[in-house]
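Protein chains in written order, with the numbering used here: chain X, 146 to 986; chain Z, 216 to 316.
Read the hints as simulated data drawn from the structure, not as lab findings. There are no misleading hints in this set.
Output of the computed footprint for chain Z on chain X, the stretches with three or more beta carbons under 8 Å from beta carbons of chain Z:
id, stretch
1, 176-186
2, 247-258
3, 388-395
Facing chain X, a subset of chain Z residues (Cβ under 7 Å, in silico):
id, residue
4, Ile218
5, Ser219
6, Arg255
7, Asp282
8, Asp285
9, Ala287
10, Phe290
We treat Cβ as the ideally placed atom computed from N, Cα and C, and that holds for glycine.
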Amino acid sequence: MTRTARLPKPNDLEISFMSTLQLDRRRFLKSVAMATATAAAHESFAATSNNVPLPLLDPQVSDPPSIDGVTWDKAPCRFCGTGCHVMVGTKDNRVVAVAGDRHAPVNKGLLCVKGYHVGSILYGKDRLTKPLLKTDTGYKAISWDEAIQVIAKRVTRNPKGFAIYGSGQWTIPEGYACQKFIKGGLSNNHIDPNARLCMASAVTGFIGTYGVDEPAGCYDDLDVADVIITWGNNPAEMHPVLFSRFIDRRSRGEKVTLIDIGTRRTRTTELANEYLCFKPHTDLAIANGIMHQLIVNETYDKQFIEKHCNFRKQVDPHKPTLKGAPSTFEDFKQAVAEYTPEKVEEISGVPAEKIVLLGKLFGQRDLRITSLWCMGMNQHSAGTMINNLVHSVHLLSGHFGKPGDAPTSLTGQPSACGTAREVGTLAHALPGGRLVAKDAHRHETEDLWNLPRGRMNPKPGYHTVKMWESICTPTHEPGGEVDTIWVQVTNPGQTLPNLHKLFDRKDDLKDKFLIVSDVYPTATTQLADLILPSAMWVEKNGIFGNSERRTQQWFRQVTPPGDARDDCWQVIAVARALFDMGFEGMKDKDGKFLFHPQSLDENGNEIPIWQWEHYYGKVNVDKTIFEEYRQFSRLKHKDLAPYDEYVKARGLRWPVVEQPDGTWRETGFRFSGFDDPYVRKGPDGKPMDIDFYHSTTSDGRAQVWHYPYIDPPEMPDDQYPFWLCTGRVLEHWHSGTMTRRVPQLARAVPRSYVEIHPDDARAANIGNGRLVKIESRRGSIVLPARINGRGQPPRGSIFVPFFDETKLINNVTLDVTCPISKEPDYKKCAVRISVASSSRG
Amino acid sequence: MPISGLILTLCSDSKAAQSAILKCHEDPRIEVGEFVGLRRCPITLTTQSQEEDKACWQALQADPGIDHVDVACVFFDDDQADDSPKQATVDDSDSTLAQAQ
Ligand code: SF4
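Pulled out of the complex, with its shape left as it was, chain Z reads as follows (with noise of 0.2 Å):
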């Protein structure tokens, strides 16, 4: 699962902005940080899955209160730097060296 430090820039409409804020507020996934400016804030996303992950970043980017999602950092915990490799999610059947191996 990864740990990491994003950067949200928010819209120029203060409703919106202020509403996907809030929706973070809301999140358990996400911490927020201090505004930087009036339109950048630092969160940080923690997941358990990574349905999560994808569904937050969907979320995120998909907010119309939010124009633009950088990222600072992540760390691999020990955990997924363990599983990742068992579990790549290409399917078996595209990977088409896997019986050749």
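Extracted from the complex, chain X is given alone in its bound form (with noise of 0.2 Å):
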């Protein structure tokens, strides 16, 4: 007998409060279940496609099931960069039920295992409910006054040694919040995110190409591609929504390939169609193998290279920078004419006529090709480089500005372009693209939030790591200047590179302070000085900006618990108690709180949203930073939308620009003349159809760069003979934080492991579960090895996931960074292995 269900149909969710009382409570969830699983079943992304609707809908008359006295409402899901929205169901001040939203473009209706998990994040039995100040004797409860005038002295005491460091989950108002603090009232751009770590790399190779940063392209690029290209990304476990677009596709029996380019087996190995296990960092050899190819079959689109392209390189491949130099196309072409297949071979590893696979499919002008990629190509100490040469492939062979045709980097954190990116939250950036050395951009700036001229430091703060290095040196040495670190929303106590050096150090200098607002114990909060309980996800309101430009807004729905207060509102307190204390730098050019414009409600009346208690009254302060943060947005045509539009919609890509009749378009395809409103008018009044408006030769040009392969700074020898790579897990979310708390997510995988191959373990007599120590030049670690599981590396390759506090791999990893973007390279370096002990992991 089966037991297949009886369904209601697709659309036919309502159920009669009637009917609710004529079920039992399990009977009737799961028949909620089943109707809600064969609704989303029956979406399909492909329904999105070729055009680029606006979804703005009242979430008012969405349809979440109906269930008795569960109100819904809106979000976008905590975790990763796809950014998928999720309908949140509420009770008594408590989340009771999530479901995917099938009104939002990006997921329609679906989530993926840590999604489903979301709402468990909220309730894990040690969240921090109380400002904690460390004594002699342990950490006091103190209260949020006593805390506020801790790290107003802290400020006073030494202002440009005050620094602050978040994240890509900070929401957009509290990246700005922070910006504002540091830059316009300490004057000493010491703010940078932990996107530092993960997105850094994408940045600089947007810039350095196009001028501008974030992808021209966007998601609904998946739904027509005939090839995705994964270079050293996993979608399948890290975005796995979007690559449920993929499946879905090929479920319809539409022929998609999947190229997966890669330095470990994973499950978007399993689906396929070829696998190229490369030598880490060779894909660099392999974006000159395929370029070489399209010059030597002269396949390459020599239309739009003439139209739309310049070559670059770097007159010193040992010292690049951003902008390199000019070069010509009879130059590109003997830079890259040594990178014959045979040659990619013998560097890469991989077969040459898989090169030559690649370079047959980019040279096919009928083919739209996606590339996709993420922390493989970026935390990769040539990372700019890597993220430069994909793009020159794609501009190349003209496989760019279609539908179908981009290629595109996928953010880890759900905000690293909307705060990191877009709000500039990084030492050396201001919002909306605009660089504080710049004298013109500081001054706008300053305009913009009404500060004296000259109140603006040009020189660029520390980036992650020098911030790190110098709280970590006493402040009399030279670079020891950083006294202060205030931690938001990120956990570095876990996730920096080299441990030893940028974290642990701090511990002996104690004129050292590190302030941590948080929602959980952390491997960061052991070190902190201060801890201050923080509001996590729908317990405040928040904006996130997704990895396809995609700006999405959500209401508080539950309270925090005990004193747990919004990290934004933090920042604006301290604040307002310097100011009360005369601290110039809290003041704008007429004497006003710096957080004037944020604290007036619609009358013009300044609330005083420095306490707690009127933060959430008569002004929204999300609305009222956006309103003065979506100013920048205009300055390099990434304009964003009044708040209230988000309000009504599931997000919207930027630009978003007003239509004549008062609507407002969002923008799926950048640099597109059928769909960029920026893109300019060729001599026919028509846009033109490529347009790269915001050229670094200021000639609507991109940039075709190359870029030699070199040796990356450590390699394996005959003492560290391994590669070690480092990366995630599907069913945990970065350090772990969030879902080791989630029972599900935290038994499914309890603590790390190492992966290592059968053969080298059967070498070096490791068995599965045995423990395994990894050692480094600068540090070791044990763990129970993995072998043939989930993920497969090759032969002299291992791999560590880094969610596990209690076993921190930073310890051995590299801290050696891109030398432009400045990304350390969590992706290799050389290790030895030997078993740690008889017994079993």
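Take the two lone chains, each set in its own frame, and fit them into one complex as the hints suggest.
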């Protein structure tokens, strides 16, 4: 007998109150679950392809299942940069249900296993609920007023040595408030996000190629591409709902070729048509090999190159710069000439015929090819260069600017694009793609913030690695000037590379001070001098910006536990305490509070938003911040719509431009005349087909780069014969602070492990589950072996996930960075392995 | 205990796909819905304990007949809602501030 359910029709989800009473609760919930799943299965991503609908919807008329007493509202998922939309069901001030949002073009009602548990992340038993100050005898609970005073005093003691370290999990208003506090208030520029550790190379890659950051294409590309190439990327586990779009097409019988270019077999490999396993770092040679094939076969897109591209090179590849130097096609041709398939095979280990295959695919004009990448290309000691090269492959072959033809980077965090890149919470940047080093940009910012001319500092602050090096250096020594770091929404005590050097040493330096705002205890709070309990996700208002330039708004739906409060409020409260102490930096040029515009209600009355009881009162602080911030967005054609438009929408992709009828139109495909409103008109009065209107050469052209393959700074040798690669797993999000508190996820993958090839394991007498010691020149760690598991590295390589705060693999990793983006390379260093103990892990 | 609505995308090998669906039919925690197209199948998953939940997820994801598992919704049962904070599985020894609070 089958147990196939009798299902309501997909569009027949309304279940009456009376029928609710007739079913027992569990049966009822089951029937709702089945109906919702069936409805979501009916959705097709392809339905939105080839057009750019404006998904303006009223959340009130959306159709989450009706369940007695449950109130539904929208929010983006708290986890990855895919930016799925979730319908959140709350009852009695608690999240009781989560459903994929069927009206969201990103996910069409689907979520992944992490999204499945997003509601549970709020309810770990060890939520931080009180400010805690470190004393000689341990941590002491203090009031918020005391905590704010402690921070204000650290600022006044040495404003130039006060830094903020945040993340792509900051909401846009949170990041913006920190940005204004540090750059407008303290004038020191020491603010950087952990996005430096994950997205910085993508940023420099986009800027070096197009003169402006962030992808030209969008997720719609995945619905029409004939070929999808993953470059060191595992979307099946890391961006599962995006991968679903591909799965969905295949399940409907469409031919979509998936090529996985990687250093280890993953779940993505299982569904790939081709798996090209390369030696770490040699993706540089593979990209050069493809371009060599395009040249020798004369299959590059001559017209596209002539009309839309310049050539660029590094004068000294060992000392690269963001803009390099002009080059010519002839130069370029000569430079790639050595990358024959055989030579690339020798360098990379990828068979020559596979390089030929890639060359052939890119040489076909009638195919649509989308490249995807994430950390594999970014956490790379030549991160900017490999980003530039993959863009160059697409430009040289003309696979650009049409739906399905795009080089697209993905982000790991939900607002790496929105907060880190667009708000510009980086040590060198300002909101809206402006730079602190440029006089005109600082002046624009000073004007928008109503600051006196000269308030802002032209010297970029410390990037992540330097910031942490500085707090770990005695104050009286050169480079030791940062004496306080305030960490929000991230966990550097686990995620920085080479932790002994960049984090642990702070503990011996008694005049240094670490403030950590977080929701749970973490590896970072272990060294904190002051811990602040934060609200998270739907416990606060928020705005994120996902990987495809989509800005997404949500409202607070439940209150945070205990004394936990919004990160944004924390910053404004400290700023106000400083203002009240007479600190000049917290005044604008009229002597008003730095956040005065944010505190005005609709009638222009100042509301004391720095007092928690007024923070969610007459002023929506997210809205007042966003309305100021969006003025910056127009400076580099990243226009954002008014806040209220985002309240109605399931996110909008910038540039969002007002139409003559007063509606707001988003943009799917940048630089393409058929869609991007900023593409200039040609002589015929029609928009040009392609226009790189932020070109670094000011001629509307993108840059095709050549960069040679150069060995990485550390490679396996006789002493340390293995490559170590680190990364993530499906069940855990980044450092596991949230997902390790979800019982189902924690139990699914409770502890870290090391993946080893069976032959290497055999040679070292290592069995499955046996404890293995992994040593590098910097540190060591002991982990149980996993052989033939979900991920399978090739011989000579091992892989360790970094989510486990009890097994800090970053004691082993290398802190070398890309010379341009300053992003560390977590994907390769040299290690040795040995049996640690005869017991099993 | 969560009750969830999931969508299985079955692989193109019909034998493996059939066997995966058969296993789902035999599993009392799973209720199988009506196919959408040839390869997409909605199911519900109800477990009595977290161990079961884990085992079920892993089995579904590892099944060679299943290409992909998507989630449409999850309802946290009342028990789950009440218990989850107390059931967090991170060892207390890892929660460095557990004592401090
Ligand atoms: S794919 Fe990312 S955004 Fe979507 S549900 Fe999963 S974790 Fe959340």
